[in-house]
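Enquirer: Given next are the chains, with one letter for each unit.
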Amino acid sequence: RKEVEQDPGPFNVPEGATVAFNCTYSNSASQSFFWYRQDCRKEPKLLMSVYSSGNEDGRFTAQLNRASQYISLLIRDSKLSDSATYLCVVHNTDKLIFGTGTRLQVFP
Amino acid sequence: DAGVTQSPTHLIKTRGQQVTLRCSPKSGHDTVSWYQQALGQGPQFIFQYYEEEERQRGNFPDRFSGHQFPNYSSELNVNALLLGDSALYLCASSPGTGGTQYFGPGTRLLVL
Chain A
1 RKEVEQDPGP FNVPEGATVA FNCTYSNSAS QSFFWYRQDC RKEPKLLMSV YSSGNEDGRF
61 TAQLNRASQY ISLLIRDSKL SDSATYLCVV HNTDKLIFGT GTRLQVFP
Chain B
1001 DAGVTQSPTH LIKTRGQQVT LRCSPKSGHD TVSWYQQALG QGPQFIFQYY EEEERQRGNF
1061 PDRFSGHQFP NYSSELNVNA LLLGDSALYL CASSPGTGGT QYFGPGTRLL VL
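Going down the list, the protein sequences come from chains A and B.
When the letters of the first sequence are read in order and numbered with the working numbering, they come out as residues 1 to 108.
When the letters of the second sequence are read in order and numbered with the working numbering, they come out as residues 1001 to 1112.
Among the hints, a few may not be true.
Claimed, not checked - Keeping only pairs whose Cα atoms sit at most 20 Å apart, straight-line, the calculated EDC-like set for lysine to aspartate or glutamate is: (1) A:K95 / B:D1030; (2) A:K79 / A:E56; (3) B:K1013 / B:E1053; (4) B:K1026 / B:D1062; (5) A:K95 / B:D1062; (6) A:K95 / B:E1053; (7) B:K1026 / B:E1051; (8) A:K95 / B:E1051; (9) A:K95 / A:E3; (10) A:K79 / A:E5; (11) A:K95 / A:E5; (12) A:K45 / A:D82; (13) A:K95 / B:E1052; (14) B:K1026 / B:E1052; (15) A:K42 / A:E15; (16) B:K1013 / B:E1075; (17) A:K79 / A:D57; (18) A:K2 / A:D94; (19) B:K1026 / A:D94; (20) B:K1013 / B:D1085; (21) A:K95 / B:E1054; (22) B:K1026 / B:E1075; (23) A:K42 / B:D1085; (24) A:K79 / B:E1075; (25) A:K45 / A:D94; (26) A:K79 / A:D39; (27) A:K45 / A:E56.
Rather than coming from a laboratory, the hints here were simulated on the basis of the structure.
Predicted, not measured: the structure shown is a model, and the values here were computed from it.
Taking the hints into account, I'd like the entire structure generated from these sequences.
Expert: This is the structure in structure tokens:
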């Protein structure tokens, strides 16, 4: 079983749609959690950290459920520029463990 | 403030050769981690350097080795290249071993 599991997608959504990505992790001792965004042939870039209390950054909302070992990302009012791969990341003993990523394609 | 830089951007090698990739961390960062990203996969942790020492290592063979210099920059060396080593190699730097990691643009290695 992979340490971090994500639905690879692709998710094809129209502009303005709301889309949700989910992720599960296997190590209950994991310390911190993130979503990174990766554009085609580019490096991953930190999108946001994820906290149990939930956190919001504009159109993006992230949530962590430690009991279920489940992480989510919600994108509201999707823009064409949101098209990318979204990587669920768990920080465990100072190394990052990545999911395979979920590809999002927003169309006009 | 320069971010993480890596060189070269692209590299083509043949099986059996050796390669050295370089990384300069973001200003103020003292820790460098290396990742391998195969096509269609998420990055996989190779190893991390702090205070010029390898602190921890992922599930990669001894053909993968590294070094960190006093100025915090780092090198990744891969010996006896295999076709399966073709990937994007990413360097990430952080302020300390547990700090948030920021990635460089990567080196795309193709082994023929």
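Enquirer: With the threshold set at 20 Å, check whether the alpha-carbon distance from K95 of chain A to D1030 of chain B stays at or below it.
Expert: It holds: about 15 Å lies between the C-alpha atoms, which stays within 20 Å.
Enquirer: Given the hinted pair K2 of chain A and D94 of chain A, is their Cα-Cα distance within 20 Å?
Expert: OK: K2 of chain A and D94 of chain A at ~18 Å, within 20 Å.
Enquirer: Take the C-alpha atoms of K42 of chain A and D1085 of chain B, compute the straight-line distance between them, and say whether it is at most 20 Å.
Expert: holds (19 Å)
Enquirer: Next pair to validate is K79 of chain A with D39 of chain A; report whether the Cα-Cα distance is within 20 Å.
Expert: holds (14 Å)
Enquirer: With a cut-off of 20 Å on the C-alpha distance, tell me whether K95 of chain A and E3 of chain A pass.
Expert: Within the cut-off at roughly 13 Å; holds.
Enquirer: Going straight from one Cα to the other, do K1026 of chain B and D94 of chain A come out at no more than 20 Å?
Expert: Roughly 18 Å between the alpha carbons, so the hint for K1026 of chain B and D94 of chain A holds.
Enquirer: Given the proposed pairing of K95 of chain A with E5 of chain A, does the C-alpha separation stay at or below 20 Å?
Expert: Holds - the C-alpha atoms of E5 of chain A and K95 of chain A are around 17 Å apart, at most 20 Å.
Enquirer: Hinted pair, alpha-carbon criterion (20 Å max): K95 of chain A, E1052 of chain B. Please report holds or violated.
Expert: holds (17 Å)
Enquirer: For the pair we were handed, K95 of chain A and E1051 of chain B, check the Cα-Cα distance against 20 Å.
Expert: holds (16 Å)
Enquirer: Verify the proposed pairing of K95 of chain A with E1054 of chain B, using a straight-line Cα cut of 20 Å.
Expert: holds (12 Å)
Enquirer: Is the Cα-Cα distance between K45 of chain A and E56 of chain A 20 Å or less?
Expert: It holds: about 17 Å lies between the C-alpha atoms, which stays within 20 Å.
Enquirer: Is it true that the CA of K79 of chain A sits at most 20 Å from the CA of E1075 of chain B?
Expert: violated (38 Å)
Of the numbered hints given earlier, the model fails hints 3, 4, 10, 15, 24; all others are met.
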